[in-house]
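K.L.:
The primary structure of each chain is shown beneath.
There are 2 protein chains.
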Amino acid sequence: GPEALLLWKSKSTFTSFGVFLLQMGWGDLGAFGEPSKETPNLDQMASEGMLFLDFYTANPLCSPSRAALLTGRLPVRNGFYTTNAHARNAYTPQDIVGGIPDYELLLPELLKKAGYTNKIIGKWHLGHRPQFHPLKHGFDEWFGSPNCHFGPFDNRALPNIPVYKDWEMIGRYYEDFKIDLKTGEANLTQIYLQEALDFISKQQASQQPFFLYWAIDATHAPVYASKHFLGTSQRGLYGDAVREIDDSIGKILKHLQKLGISEDTFVFFTSDNGAALISAPKQGGSNGRFLCGKQTTFEGGMREPAIAWWPGHIPAGGVSHQLGNVMDLFTTSLSLAGLQPPSDRQIDGIDLLPAILQGKLIDRPIFYYRGNEMMAVRVGLYKAHYWTWSNSWEEYGKGIDFCPGQNVSGVTTHTQEEHTNLPLLFHLGRDPGEKYPLSFVSDEYQRAMEQISAVVQQHKATMVPGEPQLNVCDKAVMNWSPPGCEKLGKCLKQPESDPKKCFWPH
Amino acid sequence: GPEALLLWKSKSTFTSFGVFLLQMGWGDLGAFGEPSKETPNLDQMASEGMLFLDFYTANPLCSPSRAALLTGRLPVRNGFYTTNAHARNAYTPQDIVGGIPDYELLLPELLKKAGYTNKIIGKWHLGHRPQFHPLKHGFDEWFGSPNCHFGPFDNRALPNIPVYKDWEMIGRYYEDFKIDLKTGEANLTQIYLQEALDFISKQQASQQPFFLYWAIDATHAPVYASKHFLGTSQRGLYGDAVREIDDSIGKILKHLQKLGISEDTFVFFTSDNGAALISAPKQGGSNGRFLCGKQTTFEGGMREPAIAWWPGHIPAGGVSHQLGNVMDLFTTSLSLAGLQPPSDRQIDGIDLLPAILQGKLIDRPIFYYRGNEMMAVRVGLYKAHYWTWSNSWEEYGKGIDFCPGQNVSGVTTHTQEEHTNLPLLFHLGRDPGEKYPLSFVSDEYQRAMEQISAVVQQHKATMVPGEPQLNVCDKAVMNWSPPGCEKLGKCLKQPESDPKKCFWPH
Numbered sequence: 001g002p003e004a005l006l007l008w009k010s011k012s013t014f015t016s017f018g019v020f021l022l023q024m025g026w027g028d029l030g031a032f033g034e035p036s037k038e039t040p041n042l043d044q045m046a047s048e049g050m051l052f053l054d055f056y057t058a059n060p061l062c063s064p065s066r067a068a069l070l071t072g073r074l075p076v077r078n079g080f081y082t083t084n085a086h087a088r089n090a091y092t093p094q095d096i097v098g099g100i101p102d103y104e105l106l107l108p109e110l111l112k113k114a115g116y117t118n119k120i121i122g123k124w125h126l127g128h129r130p131q132f133h134p135l136k137h138g139f140d141e142w143f144g145s146p147n148c149h150f151g152p153f154d155n156r157a158l159p160n161i162p163v164y165k166d167w168e169m170i171g172r173y174y175e176d177f178k179i180d181l182k183t184g185e186a187n188l189t190q191i192y193l194q195e196a197l198d199f200i201s202k203q204q205a206s207q208q209p210f211f212l213y214w215a216i217d218a219t220h221a222p223v224y225a226s227k228h229f230l231g232t233s234q235r236g237l238y239g240d241a242v243r244e245i246d247d248s249i250g251k252i253l254k255h256l257q258k259l260g261i262s263e264d265t266f267v268f269f270t271s272d273n274g275a276a277l278i279s280a281p282k283q284g285g286s287n288g289r290f291l292c293g294k295q296t297t298f299e300g301g302m303r304e305p306a307i308a309w310w311p312g313h314i315p316a317g318g319v320s321h322q323l324g325n326v327m328d329l330f331t332t333s334l335s336l337a338g339l340q341p342p343s344d345r346q347i348d349g350i351d352l353l354p355a356i357l358q359g360k361l362i363d364r365p366i367f368y369y370r371g372n373e374m375m376a377v378r379v380g381l382y383k384a385h386y387w388t389w390s391n392s393w394e395e396y397g398k399g400i401d402f403c404p405g406q407n408v409s410g411v412t413t414h415t416q417e418e419h420t421n422l423p424l425l426f427h428l429g430r431d432p433g434e435k436y437p438l439s440f441v442s443d444e445y446q447r448a449m450e451q452i453s454a455v456v457q458q459h460k461a462t463m464v465p466g467e468p469q470l471n472v473c474d475k476a477v478m479n480w481s482p483p484g485c486e487k488l489g490k491c492l493k494q495p496e497s498d499p500k501k502c503f504w505p506h
Numbered sequence: 001g002p003e004a005l006l007l008w009k010s011k012s013t014f015t016s017f018g019v020f021l022l023q024m025g026w027g028d029l030g031a032f033g034e035p036s037k038e039t040p041n042l043d044q045m046a047s048e049g050m051l052f053l054d055f056y057t058a059n060p061l062c063s064p065s066r067a068a069l070l071t072g073r074l075p076v077r078n079g080f081y082t083t084n085a086h087a088r089n090a091y092t093p094q095d096i097v098g099g100i101p102d103y104e105l106l107l108p109e110l111l112k113k114a115g116y117t118n119k120i121i122g123k124w125h126l127g128h129r130p131q132f133h134p135l136k137h138g139f140d141e142w143f144g145s146p147n148c149h150f151g152p153f154d155n156r157a158l159p160n161i162p163v164y165k166d167w168e169m170i171g172r173y174y175e176d177f178k179i180d181l182k183t184g185e186a187n188l189t190q191i192y193l194q195e196a197l198d199f200i201s202k203q204q205a206s207q208q209p210f211f212l213y214w215a216i217d218a219t220h221a222p223v224y225a226s227k228h229f230l231g232t233s234q235r236g237l238y239g240d241a242v243r244e245i246d247d248s249i250g251k252i253l254k255h256l257q258k259l260g261i262s263e264d265t266f267v268f269f270t271s272d273n274g275a276a277l278i279s280a281p282k283q284g285g286s287n288g289r290f291l292c293g294k295q296t297t298f299e300g301g302m303r304e305p306a307i308a309w310w311p312g313h314i315p316a317g318g319v320s321h322q323l324g325n326v327m328d329l330f331t332t333s334l335s336l337a338g339l340q341p342p343s344d345r346q347i348d349g350i351d352l353l354p355a356i357l358q359g360k361l362i363d364r365p366i367f368y369y370r371g372n373e374m375m376a377v378r379v380g381l382y383k384a385h386y387w388t389w390s391n392s393w394e395e396y397g398k399g400i401d402f403c404p405g406q407n408v409s410g411v412t413t414h415t416q417e418e419h420t421n422l423p424l425l426f427h428l429g430r431d432p433g434e435k436y437p438l439s440f441v442s443d444e445y446q447r448a449m450e451q452i453s454a455v456v457q458q459h460k461a462t463m464v465p466g467e468p469q470l471n472v473c474d475k476a477v478m479n480w481s482p483p484g485c486e487k488l489g490k491c492l493k494q495p496e497s498d499p500k501k502c503f504w505p506h
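Keeping their order, the protein sequence lines are chains D and E. Its first residue numbered 1, the first sequence is counted upward by one per residue in the working numbering. Its first residue numbered 1, the second sequence is counted upward by one per residue in the working numbering.
Think of the hints as simulated: they come from the structure by calculation, not from any bench.
In this list, chains with the same sequence are indistinguishable; a pair is considered to hold if it fits within one copy or across any two.
Under the rule of at most 30 Å between Cα atoms (straight-line distance), these lysine-lysine pairs were calculated in the DSS-like manner:
hint : residue 1 : residue 2
1    : K435      : K37
2    : K398      : K435
3    : K282      : K435
4    : K37       : K282
5    : K112      : K254
6    : K360      : K227
7    : K227      : K435
8    : K254      : K37
9    : K37       : K251
10   : K360      : K282
11   : K500      : K475
12   : K435      : K182
13   : K165      : K112
14   : K113      : K254
15   : K360      : K460
16   : K487      : K178
17   : K227      : K251
Okay, chain D solo, but in the shape it has when bound:
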C-alpha cells in the first residue's frame, strides 16, 4: 500500500507529502514506460515536477523499507532485520515480537518540535504491540492498520487485522472493512483518500503546518479496487488498483491547489519495494526492464518510481540522475522544516534539496541488503554484487519464483553465491537489466572495483548494527485484543506465549 508524508508551515514554509506505493514497481507508471499508460495523474505530476530515475528503497521488503524511511537509517542500523539465518528478508507479520525501538528517532517526532501536526494514513508496519504504536513515535493521528490486509482469517488461529483510528481500533479487515476476494472489490483506497483530503482541509483551515504520510496498502496482494475502477484497466485487477491510486493522487494534488497551498507543499511519490513478480500478472506489477522483483537485491527489487512535486519551486519536467533513497526523505523533510538530523547516530539519508532545486549531483553509494548481509553496492553507474541469490532451489521447486521469465545464468542464482573476492560487476547505464557482467580481466572492471572496494571498506568498518527486531515470533502477540476492542466486542482470546525463532525462508 502507498504511504504518504507531508510537512507544512503557513507562509514561507512547507508541506512535505510522500506517497509510497507498496509493491508498485518502476514499470507500473506510464511515465516509466508501462505499455498501457494508465497513470495520467502520476504522469502529470512528473511533468509538473521532477522525475528521479535512480531512486532506491533501503530494502526489498516493506517493513524494513518503511522503518528506514522514517528513521533515515538503514534497517541494519535501526533493527529491522533478522539474524536467524544468512541474508534473509524479514518483516512484521502478526506474530512478530519486535518493532521500532524507542531509541530510534522518527521523522514525525522531530517535526513535532517545529510545530508540525503529523498523520499516518495506511499501513504502519513498524510493529503492532502497544509500545510500537505510531502515536507513541511522533504521529498525532492515524487511520489505518498495523499490518498487511491479509485475510480473511478465522479469529482463532489468526485474528483479522485491526484498523485503527488514532489510539484505538475501529474494526477489522474483512469484517467491518470489506474486501471481496472474488470480485476484488473494496473501497479502502477511497477511505484513505477521503482521510487525506479531510486532514489537509483541517490543517489548512487552522493554518497548522502538517506532515502527512500516505501509506495505503494497495497494491499489495490481495489486490483490490473500488467499484468505480473495477474492470477499467487493460491490465486487469492490478491495473484497476493502480488506476484508483493514480486517480487518488491526482485528487490530492488538485486539493492542495484548490486550497492554495500547493506552492507551500512538498510532495514526494515513491514505493517501498519493487513489484512482487511472484504475484504477477494478476496480483503484481511490473519493474519495467529491471531484473527480478520484491525480495531480491537486483534492480527490480529496489529501484523505485519516484517523483518530487512542489509547484513554483521545482522546475517542471525535470529529470534527475541523483542516486536517491527513501532514507533521504527523512533528511530532506527535516531540511524543509529547518531542522537538523540527529548528530548522535549514523544517518544514511542525505538532503536531496540541492539535487531537486539546483540540479546538483551528490556523490553517494547505494547499499543493497538482505538481513544484515550487504549483497550489493552501487557507485555511480556501476553495481557490484558481493552475494547473489534469488531464492532457494527448494522454494523454486514449489513454484516460488522472484524472477519469472528472467533467469540470468550465474546471476539470479538459487544458491547463495559469494562473490566477495571477485564481485559480479554491472554497468547500469549500458545494462540496466543486469544481464551482462563485466569481464573480470577488463581494465574497466579493475578501475571500477578499486573505487567500489574503498567505499565498501569504509561502510563496513564503521557499521554498528542495531539490535535485530525481527528474530522472535510468538502467537501470543498477535492482534487479539487491540486497544478499543472492548467497546466493539472484538477482543479475542490470546493463546499462551510460546516465543520461537521466526522462520524466514528467503
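Let chain D serve as the given structure and place chain E on it in line with the hints.
P.N.:
Okay, now just chain E, sitting in the frame of chain D:
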C-alpha cells in the same frame, strides 16, 4: 538506421514525414521508459503529438518491414520472404538476387500523381540490382545506400557498400564514408540530417509538396556516432547513437517550425524492427519489458515505438491504443494526399487518420510472420502463438541468443513448436511480457480463441502469396560495379555467376 517519410502540399495540405529507426526498440525512448531518459527531443515530439502504444512492424527484420511500409502490404504478399526453409527470416544482403517487384506500387509512385517530390535518405534495402533502384520505384531523389553499412570488406570476396546520390554511387562506406570501428566515430548521421534539412528547405522555397523517407542506418550494428556525441550517454556507444538521432529529429522538427510549415507537415516516427538484443548492450538497444528482440515474433521483435506529430491537427499529449502497423503509413499518407490506395490488390495497411485526429479505435488484427508462416496473431488484447521459435539449439549453442536473460519455458523455444491446434494465448494488457500463457481450459481461453480462429481462418482463406524474392543468392550480383563507379575508379571485378539457395538459419 532510421528511415523517413514526408508528404506536403503548399497550403491546406501536408508534409508527411516518418522516421524509422532500424533496430531502435520500444524501450529505447525516455517516453517509453528507458531508465536513463536521454531522448528529450523524441519525448517532446510525443508530448506535442500522439504516442502509439500498440504499434507494430510487419516483420521482425529490416528489408521485409521496409518493403511492407512502402507497399502497404505484408511481406508474404509483396514477395519479401523466403521459402527455402520453414519460418525463416530473410533480408537483402549483397548477394541477394531478388528485390521489390515491378508489380508492386510503392507509396512514392502513387504520391507522384498528386504532385509530390519524393526523397529517400538512408538505407533502401529493397534490392540493389539496377531494376530495383529507388528512382525506378517512385523516388525522385536518393541519398544513401542500398544495404546495411556492414564492413569494412576487402572488395574481393565482398565489395564495400556503395553510397548513392540519386542515380549514381558517390563512394563507398569505410572508404569515402569513414566509420571508425575502434572508436565508434562516424559522421554519417550528421550527413543524413543535413540532407534532410536541405531537401526540406528546397521544397519549401519552391512551394513544392514533398514526401521524405528518412531511413538512416544507425542504430544498426556496427553502431556509430559523430564526435560531438561520443561518450555523452550513460548507455555507452549505443546510447551515443540514440542521442544523436534524437538530436537530429529535434533539429528537423524545429526546421519545419522555423520554415512555417510544421502545421502542414505530418511526421511519423517509428522503427523497422525491435532492438537486436543479440547485439546488446554495446551494439543493441532495449525493448523495454517486451519479450526477446529482432528476429522473433514475440513483442520485443515487432512492437515499435511510434509517434505521430502534426501541430495544430493532432491534439498534444495524445495517447492511442489503436493497433497500428508500419503498413498503415502507406494508406494514411495516401489519405493525407487525397489519394485512394490501389483497388486491384490486397492492401493490409489501414488509414490511421480517424485514430489520430478523432481518437477512434479501428478493429483490426496484427499478424506476426516469419517467412510465409503466420507465427502469431493479435486480436484486441489477446495474442495467440500458432508457432513458437526463437532460434535453433545449434545456433544457441554457439552463443546466438535473441532473448538474452529472458528464457520463458515453452515459449522462447529453440525448436520450432507447432501450436496450431491449441495456440499459446497471452493477454497483453495483464502480461505484456508474454510470460504467463492462459490456461487452455479456462473460459477466457475458449472465448478469445473463438474470435481469433475466425480472424485467422479468413486471413488464410484469402491469402495469395507473392513470388518469393529472397530465395536465391549469387555472388555475381553484389555491389561490384554500381552505376557511376567508372567516374570514381571504383568498379570492381564481378565473379562468375553461381546462383544458389540463400541460407537463412533463423
